[in-house]
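Single-letter residue listing:
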Amino acid sequence: MPHRANAMICTCTNCISNGSLQIKEALDAEIQRRGLQDDVLVVPTGASGLCVRGPILVVQPDGIFYQRLKREDIPHLVEEHLLKGRPVRSLMYVPPGEEAPIPELRAIPFFKDQRLVALRNRGMIDPDKLDEYIARDGYKALAKVLTSMTPDEVLATVKQSGLRGRGGAGFPTGLKWELCRQSDGGSKYVICNADEGDPGAFMDRSIIEADPHSVLEGMTIGAYAIGASRGYIYVRIEYPLAIERMEHAARQAYEYGLLGQDIFGSGFSFDIEIFRGAGAFVCGEETSLIASIEGRPPEPRVRPPFPVQSGVWGSPTSINNVETWANVPAILNWGSAWFSALGTETSKGTKVFSLAGNVHNAGLVEVPMGITLREIIYDIGGGIPGGKRLKAVQTGGPSGGFIPSHLLDMPVDYERLSEVGAIMGSGGMVVMDDDTCIVDIAKYFLQFTNDESCGKCTACREGSAVLLGLLNKISAGDGEETDLELLEELGEAVRDASMCGLGQTLPNPVLSAVRHFRDEYEAHIRYKRCPAAVCRAIISSPCQHTCPIGQDVPCYIGLIAQGRFGEAVELVRRENPLPGICGRVCTAPCEEKCRSGAGGGDAISIRALKRFLADHERAKGPALTPPAPPPRAEQVAVVGSGPAGLTCAYYLALEGYRVTILESLPVAGGMLATGIPDYRLPKEILQYDIDAIRRLGVEIKTNMMVGKDVQLSDLRDQYAAVFIATGAHRGLKLNIEGEDSPQVLDAVDFLRAVNLGRDVTIGNNIAVIGGGDAAVDAARVAKRLGKDVRILYRRTRAEMPAAKEEIEELDREGIEIQFLVAPVKALRHNGRLEGLECVRMELGEVDTSGRRRPVPVEGSEFTVAIDTLIPAIGQEPDVASFADGNGLKLSRWNTLEVDAETLYTGAAGIFAGGDVVSGPATVVDAMAHGKTAAQMIHKYVQGQPIVRHYGVTRPALDVDVVELTDAEIETLHKPEMRLLPLPERLGGLREVQLGFDAEMAVAEAKRCIRCDKETEE
Amino acid sequence: MPKIQPGDLDRIGEKIKRTMLVREGAGRAKVTVHMGTCGIAAGARAVMKTVMDELEGRQVEDVVVTISSCAGLCSREPMITVELQNEPAVKYVDLTPDKAKRILIEHVLGGSIVAEYALAAGSERSL
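Sequences listed follow chains U and C, in order.
Residue numbers 1 to 1017, in my numbering, belong to the letters of the first sequence in order.
Residue numbers 10001 to 10127, in my numbering, belong to the letters of the second sequence in order.
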């Protein structure tokens, strides 16, 4: 009697290394213990495909998919599911970003969009049981071929199917067989090329491990069509499980008479030998593979003659890849028309890819040719983890190329991939996020091919070494402008002058990277920047390199860890005149690149540590400002007292200039003072850092509006140079009907009024539109004023640009966010706002920003009753009062145009920076502008050429690493920020985040892994 | 073992067809025996055994038998749910081995619902 349930446990190499054999053992034991051995059959299978979630168990007939199993889960699983029929939800797959598990395999997006041809039996059979292969139509194609078809008919069917080689080059399989058949020669051979060597590729291994007979059957059919009587399966020795399963399968096939003499009584005989390759990459090249089988050194030779003319032992030989062979029985079973209905004009059928890298569902996927990269990466692969953005997809391994994210909608087939400089290859597909450095990866592939070059051709042997040397030089920060040209020229020469595929394709990763990511090479060469913060010789540490003002994070954190707080403050202040502010409101791009945060860990709380230092300094006494230098005669005017203006003034003052800041508002600080609410940045903190700048002799004149109280042309006459940093303080319009109502108040205007203590009249029922920091700030301030407030945002929580910890506080403070809602019309009655018509949105395709674009749902309009509307959808600069007549140019976003490197406007003596140039950006970006402007203004005033010099990032000090005790290594963890209790928040604007105390700060600083001290291996 | 001939392939396949059907979750019909604590206490194991034995005895190959937990109507156990392909599921209640046998013959194999044992047509969405 058959069992009522089958427990299909994945025993691919991947799952085995995750302990699936122990789980199988536990399953068997538990099933025995429960007396279920006649009810439930445990079946070991090949890879299910979702390898990253292993070990995997699928319970049939209901198709319940269990993942990441541990031995200790098994008794509960057996009792609940197999005994009582209650599937265990806690062990099921949960899609990224969701909470509800998907019980059934066929409903999981990873599986449901796949189309299995080569992998038709994966997860369904025990690869060691020939009967199970037969029960799923196995060897029927062979029977049909041997009993009812001529070799020519088989050739015709395979040709008509359009099957092309799955090993990489895509040569038509039927044609290759035909050429081999037509070649003169006594005995002929077929070879299965399973010398899979691309880093990250495991298609061939998985097919053999899951379904070895599909390959044997395909080869036997091919041999019949060609007229071959012997075959080799060339498997690399690093695949012991694949070898074991293939050997077992071949033994069984011989027993059944499916290999050997007179198969099916047809008179056709075919013998197979499994050949273990020693693992040289070049053996994947067909002439090298043949040399290896013949016992010669694996070096390629010139073609022609091609192997189909003269192959192994000088006989005509057809070499096809594992996946190609596995497709053959399906084509013969279901016909060429069925097969060629799948795919594109030039590329028929499906392709197996091993999806790897920065993607949620890494694993083995089989998809129809012509599917887009977007479908593979986002629908099947589940997108990019950790909120990172897709940067590139690399196909074809060391022979392939990079495809940039803007080509994501490209259909995948042989021709389209090669058009963009990549190749289909054998099916490696590596997804890379924006923490990946293209130069670094190109270097990695070149290192690989350089190691694997057999050395026969000078072009490949020496060329790969020189290419690698150039890449090493670039990633060390020593690149020169001419290097790119040299890379391209040499790459093309290596491609043209190498004999075999290894050399001919090894420049591909370099050439496609230069083609699609030229700016990233230029960043390394010209600006000594590694945007992904990877290339060690350039970055020193990712945090320091990423910080727009180059804060030496590891060193000041190292000093905190040693309790040397004073020295740490001093170090921070060298590059940052506003530590108390940055310690509170910096967006901390450093933390995003922190190595401690990689791979799901917690980044070091760099911002909070800086705040700790700033608070420590304030408690100890006056800020540690450097001594004033000898004064210079020249004066500089700075227009605007925000972070850009203050920083510029500070560094100019340190150079000895007399600096006057003109501020149109009654208080200094720009957005810091008027945009950010007190509960995030208390006024006394801002004042403290501004006072320290004043003490250097910087004069701040408030209520001085340029263009009104003083003319820009006058400033140019009176001062040696002018720095314009007036910010972006004008809110963008929603462009909806009724927006001109008096009860519609932009978030920037609202926050400014509250910050300046001005009277502001708002109603009691407020809607804030937007998802950025301004929206969150406006909502939380309104809540503190005792109002009923909600936020309407057109995308979802995952897409909100506001700081994550601020969004969390919204929830805690009871402010509702309605997602996927956009305003359509402001509704008025007798001139008063009384409601907002909205429409529901849904997320459509991913746009260029990597976020899914919201689109309105037709007919979903609804009305919200409100009496005040606060739009917070963005800001732009307002330069109307001074832009005209001063030679300043405006962009289409109303920002001032400057030279991107020097911030010089081109109008004599006028520089500009901060939000007025960049549009709304971060505090630290504005400070970086201020710093650069100070350097450039100094050069300008001193009559030097206005050019920037770029160097690699280097630590300011040598700070020792603190040795941790074993207990510390075990117990140190990211501390929770102390927060003001909820009841104390409402009705006032008291600071919410309370910072770290000294003990917390030291503990957190000790957690830093000091990657700046890492030495090259 | 002697060499196999083309005709042997189907024979080998037939031998394990039931097993393969279980794996594919396919088949002409699916019989779910509710095996919660309540069902087992009321005699679901005997019902299960009858169903399995009858299918085996009649060499029925295209019916999948599976179990699930308590259907939420413990007072009416033992229960089974019968799903024929492309037809709504039918729940049967208060079963005995004899009743189960009749359902198997008349509904699962014969295609007509045994109305006197049926609770209702339809099944709640699983999970």
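Treat the hints as calculated values from the structure; they're not laboratory data.
It should be emphasised that the depicted structure is a prediction, and the values quoted were computed from it without experimental measurement.
Just so you know, not all the hints are guaranteed correct.
Stated by the list, open to error - Restricting the straight-line Cα-Cα distance to at most 20 angstroms, the calculated cross-link-like pairs of lysine to aspartate or glutamate (EDC-like) are:
| hint | chain 1 | residue 1 | chain 2 | residue 2 |
| --- | --- | --- | --- | --- |
| 1 | C | K10015 | U | D128 |
| 2 | U | K140 | C | E10014 |
| 3 | U | K140 | C | D10010 |
| 4 | C | K10017 | U | D691 |
| 5 | U | K129 | C | D10008 |
| 6 | C | K10049 | C | D10010 |
| 7 | U | K140 | C | D10098 |
| 8 | C | K10049 | U | D38 |
| 9 | C | K10017 | U | E634 |
| 10 | U | K84 | C | D10094 |
| 11 | C | K10015 | U | D691 |
| 12 | U | K129 | C | D10010 |
| 13 | U | K144 | C | D10008 |
| 14 | C | K10003 | U | E634 |
| 15 | C | K10017 | U | D128 |
| 16 | C | K10049 | U | E634 |
| 17 | C | K10017 | U | E806 |
| 18 | U | K129 | C | D10053 |
| 19 | C | K10015 | U | D137 |
| 20 | U | K783 | U | D691 |
| 21 | C | K10015 | C | D10053 |
| 22 | C | K10003 | U | E255 |
| 23 | C | K10015 | U | D39 |
| 24 | U | K144 | C | D10010 |
| 25 | C | K10015 | U | E634 |
| 26 | C | K10003 | U | D678 |
| 27 | U | K620 | U | E737 |
| 28 | C | K10017 | U | D262 |
| 29 | U | K112 | C | E10024 |
| 30 | U | K129 | C | E10056 |
| 31 | C | K10015 | U | D131 |
| 32 | U | K783 | U | E806 |
| 33 | C | K10017 | U | D126 |
| 34 | U | K144 | C | E10014 |
| 35 | C | K10003 | U | D691 |
| 36 | U | K701 | U | E634 |
| 37 | U | K144 | U | D262 |
| 38 | C | K10003 | U | E247 |
| 39 | C | K10015 | U | D126 |
| 40 | C | K10003 | U | D262 |
Exercise. Does the structure keep C/K10017 and U/E634 at a Cα separation of 20 angstroms or less?
Worked result: Violated, because 94 angstroms separates the two Cα atoms, which is more than 20 angstroms.
For this session: Verify the proposed pairing of U/K129 with C/D10008, using a straight-line Cα cut of 20 angstroms.
Result: Holds, at about 16 angstroms.
For this session: Would you check the hint for C/K10003 and U/D678, treating anything up to 20 angstroms between C-alpha atoms as holding?
Result: 87 angstroms, violated
Exercise. Would the pair U/K701 and U/E634 pass a check requiring their Cα atoms to be no farther apart than 20 angstroms?
Worked result: Holds. U/K701 to U/E634 sits at ~18 angstroms (cutoff 20 angstroms).
For this session: Verify the proposed pairing of C/K10015 with U/D691, using a straight-line Cα cut of 20 angstroms.
Result: 89 angstroms, violated
Exercise. Holds or violated: U/K140 with C/D10010, Cα cutoff 20 angstroms?
Worked result: Satisfied, since the Cα-Cα distance of roughly 9 angstroms is no more than 20 angstroms.
Exercise. CA of U/K140 to CA of C/E10014, is that 20 angstroms or under?
Worked result: 14 angstroms, holds
Problem set entry | Holds or violated: C/K10017 to U/D128, with C-alpha atoms at most 20 angstroms apart | Holds, at about 17 angstroms.
Exercise. Taken at face value, is the distance from the CA of U/D262 to the CA of U/K144 at most 20 angstroms?
Worked result: 15 angstroms, holds
Exercise. Has the given pair, U/K144 with C/D10010, been kept, meaning a C-alpha gap of at most 20 angstroms?
Worked result: 13 angstroms, holds
Exercise. Holds or violated: are the alpha carbons of C/K10003 and U/E255 at most 20 angstroms from each other?
Worked result: 7 angstroms, holds
Exercise. C/K10015 and U/D131: Cα distance at most 20 angstroms?
Worked result: 9 angstroms, holds
When the structure is compared with the earlier hints, violations turn up for hints 4, 6, 7, 9, 11, 14, 16, 17, 18, 20, 25, 26, 27, 28, 30 and 35 and for no others.
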